[in-house]
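Heads up: the protein sequence lines correspond to chains A and B, in order. Counting from 11, one number per residue, gives the positions in the first sequence under my numbering. Counting from 11, one number per residue, gives the positions in the second sequence under my numbering.
Derived from the structure by calculation, the hints contain no laboratory data. Check before you lean on any hint, since a few could be wrong.
Treat identical chains as interchangeable: a pair holds within one or across any two.
Using 16 Å as the maximum straight-line C-alpha spacing, the simulated EDC-like pairs for lysine to aspartate or glutamate come out as follows [what the hints assert, rightly or not]:
id, residue 1, residue 2
1, Lys266, Glu282
2, Lys66, Glu49
3, Lys66, Glu47
4, Lys266, Glu65
5, Lys66, Glu282
6, Lys266, Glu288
The primary structure of each chain is shown beneath.
2 protein chains.
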Amino acid sequence: MTEWYDEVYRDRTRYGLRVTRRLFEGRSDLQHVEVVETEQWGRVLVIDGIFMTSEKEEHFYHEMLVHPALVTAPSTARVLVVGGGDGGTVREVLRHPGVERCTMVEIDGLVVEASRAHLTTVGTAWDDPRLDLRIGDGIRFVAEADSASFDVVLLDGTDPVGPGEGLFDEAFYRHVARVLAPDGVFALQSESPIVTAPVFYEIQETLRRVFRRVHPYFGPAPLYSAGLWSWTHASRSVDPLAADPARVERIEAVTKHYNRAVHRAAFALPNEVRRQLEVC
Amino acid sequence: MTEWYDEVYRDRTRYGLRVTRRLFEGRSDLQHVEVVETEQWGRVLVIDGIFMTSEKEEHFYHEMLVHPALVTAPSTARVLVVGGGDGGTVREVLRHPGVERCTMVEIDGLVVEASRAHLTTVGTAWDDPRLDLRIGDGIRFVAEADSASFDVVLLDGTDPVGPGEGLFDEAFYRHVARVLAPDGVFALQSESPIVTAPVFYEIQETLRRVFRRVHPYFGPAPLYSAGLWSWTHASRSVDPLAADPARVERIEAVTKHYNRAVHRAAFALPNEVRRQLEVC
Chain A
11 MTEWYDEVYR
21 DRTRYGLRVT
31 RRLFEGRSDL
41 QHVEVVETEQ
51 WGRVLVIDGI
61 FMTSEKEEHF
71 YHEMLVHPAL
81 VTAPSTARVL
91 VVGGGDGGTV
101 REVLRHPGVE
111 RCTMVEIDGL
121 VVEASRAHLT
131 TVGTAWDDPR
141 LDLRIGDGIR
151 FVAEADSASF
161 DVVLLDGTDP
171 VGPGEGLFDE
181 AFYRHVARVL
191 APDGVFALQS
201 ESPIVTAPVF
211 YEIQETLRRV
221 FRRVHPYFGP
231 APLYSAGLWS
241 WTHASRSVDP
251 LAADPARVER
261 IEAVTKHYNR
271 AVHRAAFALP
281 NEVRRQLEVC
Chain B
11 MTEWYDEVYR
21 DRTRYGLRVT
31 RRLFEGRSDL
41 QHVEVVETEQ
51 WGRVLVIDGI
61 FMTSEKEEHF
71 YHEMLVHPAL
81 VTAPSTARVL
91 VVGGGDGGTV
101 REVLRHPGVE
111 RCTMVEIDGL
121 VVEASRAHLT
131 TVGTAWDDPR
141 LDLRIGDGIR
151 FVAEADSASF
161 DVVLLDGTDP
171 VGPGEGLFDE
181 AFYRHVARVL
191 APDGVFALQS
201 ESPIVTAPVF
211 YEIQETLRRV
221 FRRVHPYFGP
231 APLYSAGLWS
241 WTHASRSVDP
251 LAADPARVER
261 IEAVTKHYNR
271 AVHRAAFALP
281 NEVRRQLEVC
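This is chain A alone, in the form it adopts within the complex:
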């Protein structure tokens, strides 16, 4: 009685999950939002037909987006998360005791609503008093925010189509650089260097026009069936390998995937990526 739910990519590949139950379906002004129960990954959040996150493998993505920035930024007091409606990113951010305030700006309230109701193991920090959750346009929020008002900015956006598109623009990155403290760190998901290589390299090029230090890093994201996923650590001057040992030790005691060895390893550039970045 179960059905396949397939995510189709460019009509060239598809990745299908056997769905045992449909838990939520709704349409906001912006997107079609679903939560389905699958045998492989538990509950899965789907936006516009694209698998976004799942109970059983979300930790790979969220730990890798958050911790490299949070253990290398000189201060972690003021963190801004753009996107991240499922709640996994702010959960990882708020594990760091150095975070005094985490502002999260998600454009689609329906994603938060669906996630709070149906993905309760992903978003576990909704009631943390340090969380300042706002439903609104992250691009506009960053454009209007005071300069140097955040120590870390994390971009947890969708792919560069639909409402997430402007999150890949130089104009947006320039505002991120402006709202960051001089020694602040920006980290973002930056697509796959394998199956979405053109987008990956375009993000790197754009970031390099804005930030002096731009370091992509790599890890698994099983739900995206992309072979390898990437995130990027961007800043004026922060060495992404110079992690605070105390912060790393504290966080690796509770993470499922991330630890000091994984942190260092993630920044190793495969030959193809290294060669391509040299000519970017």
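Following the hints, complete the assembly by docking chain B onto the known chain A.
Only chain B this time, still in chain A's reference frame:
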């Protein structure tokens, strides 16, 4: 006019490729062998409905199976490859000038035949005079081979079903240990620590009963849509991080994925894997 070819895993997930042309189909005594042309990965070898290798991403798998062993083994003069019918593994082995003889034992001649005819960019070393290609049972070959007659053994087998099943047994690994020189290195594909975790850990446990040093390592294998793939470096006494710098430098000049940074990074153990291996 094109069709989807789906690999179905445990009726829980499926990974589909749009096929534009069927190039080969045949049945040996052992397996159903196909080569199809796909938009995503070029030509793909399929055995019993499972995607084995493809023109456009085979380098991830083959470079990671071969080079960590070939740059750490004290000698690389005598190499044995069990399986590897597509030819990608021996191609990478024979790039090392220290290899004097590479014996390859593939159980299914039809895989070699289909690959030689249709995957000409994968197997490029079929005519290398150092290659000793034998069609036969690798388990039997290893059981009958002289002790200490190889410096490196590489196991490039299929999943632990069908003819590849015995390649995951302790009895086979004991013969591998016997035919290896005392300081020889054994490397094998060892499935995914994410989507096939039970098999991954069983392989680790079995290897640990036979080899003193057993080090799994990780990397992408996009065609397997497993999030992360693994290989394992096993030996009596060889440190998998103590690579010969001259050999690394020579090989990383020609590889697409592998290099010294990737080598070191691959051996980083994610938290879940580290914890699980401690209780194995």
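Status of the hints after comparison with the structure:
1. Lys266 to Glu282: between (29 Å within a copy, 5 Å between copies)
2. Lys66 to Glu49: For Lys66 and Glu49, only the intra-copy Cα distance (10 Å) is at most 16 Å; the inter-copy one is 30 Å.
3. Lys66 to Glu47: within (11 Å within a copy, 33 Å between copies)
4. Lys266 to Glu65: Result: close within a single copy only, 13 Å intra versus 34 Å inter.
5. Lys66 to Glu282: between (31 Å within a copy, 13 Å between copies)
6. Lys266 to Glu288: Answer is between; shortest inter-copy Cα gap is 15 Å, intra-copy 34 Å.
When each numbered hint is compared with the structure, no violation occurs for any of them.
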